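Undergrad: Each chain, written out:
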Amino acid sequence: MSLKHDHNSSRDRGDANQYVEKLLSSLDEIKSAHPQPYLHARVKARLSQSHDYEQEPTFLAWFWNGKWSLAVMAAILVLNASVLLYYFDSQGLTFGKNATAEKIIEEYQLDYQSTYTYLDE
Amino acid sequence: MQALLEDHLLVEDLKQGSEEAFKALVELYQRQVYNTAIGLLRSPEEADDISQEVFIEVYQSIARFKGESKLSTWIYRITVTKALELMRYKKRKKRFAPIISLFNSDGEQMVDPADFAHPGVKLEQQENASVVFAAISKLPEKQQAAFTLHKLEGLSYQEISQVMKTSISSVESLMHRAKTNLKKRLKNYYYVTKA
Chain A
1 MSLKHDHNSS
11 RDRGDANQYV
21 EKLLSSLDEI
31 KSAHPQPYLH
41 ARVKARLSQS
51 HDYEQEPTFL
61 AWFWNGKWSL
71 AVMAAILVLN
81 ASVLLYYFDS
91 QGLTFGKNAT
101 AEKIIEEYQL
111 DYQSTYTYLD
121 E
Chain B
1 MQALLEDHLL
11 VEDLKQGSEE
21 AFKALVELYQ
31 RQVYNTAIGL
41 LRSPEEADDI
51 SQEVFIEVYQ
61 SIARFKGESK
71 LSTWIYRITV
81 TKALELMRYK
91 KRKKRFAPII
101 SLFNSDGEQM
111 VDPADFAHPG
121 VKLEQQENAS
131 VVFAAISKLP
141 EKQQAAFTLH
151 KLEGLSYQEI
161 SQVMKTSISS
171 VESLMHRAKT
181 NLKKRLKNYY
191 YVTKA
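Chains as they are written, first to last, in the numbering used here: chain A, 1 to 121; chain B, 1 to 195.
Result set (DSS-like, lysine-lysine): computed pairs, CA atoms no more than 25 Å apart in a straight line:
{"no.": "1", "chain 1": "B", "residue 1": "179", "chain 2": "A", "residue 2": "31"}
{"no.": "2", "chain 1": "A", "residue 1": "44", "chain 2": "B", "residue 2": "23"}
{"no.": "3", "chain 1": "A", "residue 1": "31", "chain 2": "B", "residue 2": "23"}
{"no.": "4", "chain 1": "B", "residue 1": "66", "chain 2": "A", "residue 2": "44"}
{"no.": "5", "chain 1": "B", "residue 1": "15", "chain 2": "A", "residue 2": "44"}
{"no.": "6", "chain 1": "B", "residue 1": "151", "chain 2": "B", "residue 2": "70"}
{"no.": "7", "chain 1": "A", "residue 1": "22", "chain 2": "B", "residue 2": "194"}
{"no.": "8", "chain 1": "B", "residue 1": "122", "chain 2": "B", "residue 2": "183"}
{"no.": "9", "chain 1": "A", "residue 1": "22", "chain 2": "B", "residue 2": "122"}
{"no.": "10", "chain 1": "B", "residue 1": "138", "chain 2": "A", "residue 2": "31"}
{"no.": "11", "chain 1": "B", "residue 1": "142", "chain 2": "B", "residue 2": "179"}
{"no.": "12", "chain 1": "A", "residue 1": "22", "chain 2": "B", "residue 2": "187"}
{"no.": "13", "chain 1": "A", "residue 1": "22", "chain 2": "B", "residue 2": "184"}
{"no.": "14", "chain 1": "A", "residue 1": "22", "chain 2": "B", "residue 2": "179"}
{"no.": "15", "chain 1": "B", "residue 1": "183", "chain 2": "A", "residue 2": "22"}
{"no.": "16", "chain 1": "A", "residue 1": "22", "chain 2": "B", "residue 2": "151"}
{"no.": "17", "chain 1": "A", "residue 1": "22", "chain 2": "B", "residue 2": "138"}
{"no.": "18", "chain 1": "B", "residue 1": "142", "chain 2": "B", "residue 2": "93"}
{"no.": "19", "chain 1": "B", "residue 1": "70", "chain 2": "A", "residue 2": "31"}
{"no.": "20", "chain 1": "B", "residue 1": "183", "chain 2": "A", "residue 2": "31"}
{"no.": "21", "chain 1": "B", "residue 1": "122", "chain 2": "B", "residue 2": "187"}
{"no.": "22", "chain 1": "A", "residue 1": "31", "chain 2": "B", "residue 2": "151"}
{"no.": "23", "chain 1": "B", "residue 1": "142", "chain 2": "A", "residue 2": "31"}
{"no.": "24", "chain 1": "B", "residue 1": "122", "chain 2": "B", "residue 2": "138"}
{"no.": "25", "chain 1": "B", "residue 1": "122", "chain 2": "A", "residue 2": "31"}
Just a few of them, taken from the derived set where beta-carbon distance is under 7 Å, the chain B residues facing chain A:
{"no.": "26", "residue": "23"}
{"no.": "27", "residue": "30"}
{"no.": "28", "residue": "55"}
{"no.": "29", "residue": "119"}
{"no.": "30", "residue": "120"}
{"no.": "31", "residue": "121"}
{"no.": "32", "residue": "125"}
{"no.": "33", "residue": "128"}
{"no.": "34", "residue": "186"}
{"no.": "35", "residue": "187"}
{"no.": "36", "residue": "190"}
Honestly, the hints are just simulated from the structure, not real lab data. Computed from a predicted model, the values in this text were never measured in an experiment. Quick reminder that beta carbons are idealized off the backbone N, C-alpha and C, glycines included.
Input sequences plus hints: build the corresponding full structure.
TA: In structure tokens, the structure reads:
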């Protein structure tokens with residue numbers, strides 16, 4: 001309740017404004033801060049590390065970071081899919097609704113023919 | 001004019017891969033980079049780390065610097081971008097900290113520099129300044145960047161607009177909102193501490 005009262009009091013509003021200005025003025029005379037010494041040497045050390053890495057990349061790093069890895073992986077996937085399709089095809093397995101329907105008709109025709117053959121005998 | 005000419009020569013030498021030129025560049029701009037970074041990140045260790053990254057970026061990208069802006073403006077831009085990237089990363093990490101801690105009990109401690117003492121602030125002003133820095137850290141990142149560049153680095157609105165690649169009127173608007181938000185937060189702090 002007292003908080004609400006403080007907000008509404010013009011005297012307190014004035015005090016609050018003064019306080020805010022006082023806080024903000026703490027940044028007025030700010031001096032520049034010094035970085036840790038030997039910044040150039042540390043930057044150079046990090047640069048030489050990254051150069052070494054660039055000069056002698058491991059095969060895995062090269063593979064995983066490069067665009068070639070994507071191309072090789074895509075080629076492997078396509079090859080795998082082709083081998084699987086060829087295998088299913090050679091085994092007489094087919095996919096899809098139409099393929100199933102064709103297979104049922106084929107089986108029905110075989111049954112029909114065998115029945116007739118039996119009757120003939 | 002002299003400074004521009006010096007910058008031009010420095011850039012040309014850097015493009016030739018001169019070690020001396022790179023050392024001179026670091027010596028010349030290290031305070032600017034470090035101060036901007038510490039103002040935004042409020043951590044001396046992170047500011048030092050970002051300073052190193054800024055100069056690595058400058059070294060690696062100098063060939064792409066066309067001289068359309070001043071060298072100092074370009075370096076300010078890299079510094080602000082790197083500092084904001086780290087701030088976003090820390091925010092994300094903070095958001096997911098409870099989940100990460102479930103899987104990683106030895107994880108690094110999340111440091112919230114609420115009581116940051118800027119090394120350039122007078123000792124008797126440290127307490128007040130840390131309250132202001134805490135309030136600045138709650139501002140949206142663009143307002144933080146504009147306010148820090150203006151108040152701590154003393155850049156004009158025109159220079160800030162070049163660093164942030166925006167119009168002067170946008171910088172004016174950012175600064176106005178930053179000041180209004182800061183005053184509102186600091187007033188609330190006054191009422192809460194008084195109550």
